[in-house]
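Q: If you want the building blocks of each chain, they are given just below.
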Amino acid sequence: MPRAATTSDAFNAVAEPRRREILDLLASGELSVGDLVAQLGLTQPQVSKHLQVLRQVDLVRSRTVGRQRMYRVNGPALKPVHDWVTGFERTWNERLDRLDDLLTTLHNTDPQPEQE
Amino acid sequence: MNTTTRHGSAIVTTPSDTEILIRRTFDCPAAAIFDAWTTPEHVRQWWGTEDAPLVVCEIDLRVGGTWRYVVAFPDGNELGWHGTYRDIQRPNGLVSTEVWEPFPEGEAVNTMTLSEEDGTTTMTVRVQHSSKENRDGHLNSGMESGMQDVLDRLEDLVRS
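These protein sequences, in sequence, are chains F and E. For the first sequence, counting from 1, position 67 maps to 67 in our numbering; every step adds exactly one. For the second sequence, counting from 1, position 26 maps to 26 in our numbering; every step adds exactly one.
Among the hints, erroneous ones may be present.
Claimed, not checked - If you want a taste of the chain F side facing chain E, the calculated C-beta under 7 Å gives, among others:
{"#": "1", "residue": "G66"}
{"#": "2", "residue": "M70"}
{"#": "3", "residue": "W92"}
{"#": "4", "residue": "L99"}
To be verified - Between beta-carbon pairs, the in silico distance windows are:
{"#": "5", "chain 1": "F", "residue 1": "R63", "chain 2": "E", "residue 2": "V63", "range": "27 to 33 Å"}
{"#": "6", "chain 1": "F", "residue 1": "G41", "chain 2": "E", "residue 2": "T39", "range": "42 to 48 Å"}
{"#": "7", "chain 1": "E", "residue 1": "P74", "chain 2": "F", "residue 2": "G29", "range": "32 to 38 Å"}
{"#": "8", "chain 1": "F", "residue 1": "P45", "chain 2": "E", "residue 2": "D51", "range": "37 to 43 Å"}
{"#": "9", "chain 1": "F", "residue 1": "A38", "chain 2": "E", "residue 2": "G80", "range": "33 to 39 Å"}
None of these hints come from the bench; they were simulated from the model. C-beta atoms are modelled at their ideal positions from N, C-alpha and C, and glycine is treated no differently.
If we strip away everything but chain E, and leave its shape as in the complex, we get:
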C-alpha cells in the first residue's frame, strides 16, 4: 500500500575510481519517472531550486539529440550543463553524455536505469567519468548547491 512517506535518502556511492552511482526508490511506475526526467516542463520543477531555478531546459529526446539546462542565481550568475542522448529505452533506460560548462573537458556518460516491481521503482544513475580526477572533481564540487553563498564568501575573502 502506498503511503506519503519517502523512501529515504538518495544513496551516493563510488563503485570504482571513475564512477559515481546515485540510487533512490520511488513509489511510482518507471514510465512516470522516465517522463518526469525527459519532459522540460517537469524537469523545471525539480532540477533547480527556488533560489536557483532552471531558466533553460531544452530536451531533444532522440538518439543524437541534445539537452541543455541552465540554472540562474539571484545575482545573475548562471551555470549550465549540456549533452547528447545516446540510447533511449522508455521506460527503463536512458544513456546520455553530460558536460558541466565551466569544465568542458570533463564530459561524463550518464546511464539511468529504472527497475519497477509492484509499483515501486528503483532508479540508478551511473555517472561514468574519463578519469579519477574528473570524477573526484565532480563529486567534490558541490557547485550545484549553495553556489551563491559560496561565491559571496569567496568574494569577501578575496577582498578582505
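So that you can see chain F by itself, here it is in the shape it has in the complex:
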C-alpha cells in the first residue's frame, strides 16, 4: 500500500493504540512518567518504550523537573492529535449524514400513505 517513506515512521508511531492514549493524556498537559504509568496501567518500561518512539518522531518532548522527567506533546502536534480523538465520532456523523442525503435523493420526501 503506497505511503510516503518520510511519513511512515510517524504514522506507525501513532498507529499504535497505546501511544495514541499517551498523546491523548498529554494533550491535557505535562505529565511525568509515573503519572502515565498510573493512568495507563502499564509497566514503567512499557511506557518508557512508547515515549521513546514518540520522542524519535518529535511528537513529545521532555524536560527534567527536580528528579522527575516530565513529558509534553510537541505544540504543533497538539491539534492533529486532538482531531484524532474526536475523529471517529465525527467521521461517522458525516458519513451517516451523507447516507441520509443519498436516501433522501433515492426515496424522496413525499409522505408515505398511512398504513391501514
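Chain E: place on chain F using the hints.
A: Frame of chain F, contents of chain E only:
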C-alpha cells in the same frame, strides 16, 4: 409526516470494554437503508468524502462472500478495509467481519441491525473487537477523517 430535517447526530457509545456502538435514525424504510449499505454504486456515494473518495468498492453479498473498500487521498496514499459476510437478513440484519488494512491483526465483527417503525428506521452498528486495546485503537484512530492533513502535519514535524 416526514420532513427534510435530520434526526440529528449519530451517537457513538462504548457499551463494554471491547465494543463500539453507532446509532442513528433515518426517515426511511429499513430495506432502503439495507440496500444503500450493500450496493456498491450507493456505498461509493456516502462512505468516502469528496477529498477522499472510495476508489474500490467490492461487495459479494452472500454468506462467506467478501467485501473491500479503498479510500484514495489526493497525494496518492490509499487506505483499505475488507471483510467477510457472516449473516445476511435483509432488511433487518447484517453481520460481517472488518479488517482495517494497516492493522490486520485487529479484526472486528460488525453487526448492523435496522429496526423500522412507522416509516422511521433506527440503525445500530455494533463493532465487536477482540480486545480493549484494539477497540480503543479503532475509536481513537480518527484515521478515516482528515488523514491527509494529519499526514502532512506529521511530515512537517518529522522534517523540522
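Q: All hints are to be evaluated individually against the structure, with a verdict given for each.
A: Structure-based check of all given hints:
Annotation: G66(F) was flagged as interfacial toward chain E, and the flag is violated, the nearest CB pair being 29 Å apart, outside 7 Å. Of the supplied interface hints, the one on M70(F) is violated, with its beta-carbon coming no nearer than about 20 Å to a beta-carbon of chain E, more than 7 Å. The beta carbon of W92(F) is positioned within 7 Å of a beta carbon in chain E (closest approach about 5 Å), and the interface hint is therefore held. Interface restraint check: L99(F) against chain E, minimum CB-CB distance 4 Å, threshold 7 Å, status holds.
A beta carbon spacing of about 57 Å between R63(F) and V63(E) contradicts the range 27 to 33 Å that was offered as a hint. Between G41(F) and T39(E) the beta carbon distance is about 44 Å. The supplied range of 42 to 48 Å therefore holds. The beta-carbon spacing between P74(E) and G29(F), approximately 35 Å, falls within the hinted interval of 32 to 38 Å. For P45(F) and D51(E), the Cβ-Cβ distance of about 41 Å falls inside the hinted range of 37 to 43 Å, so the restraint holds.
The supplied range of 33 to 39 Å is met by A38(F) and G80(E), whose beta-carbon atoms lie about 37 Å from each other.
Checked against the numbered hints listed earlier, the structure breaks hints 1, 2 and 5; every other hint is satisfied.
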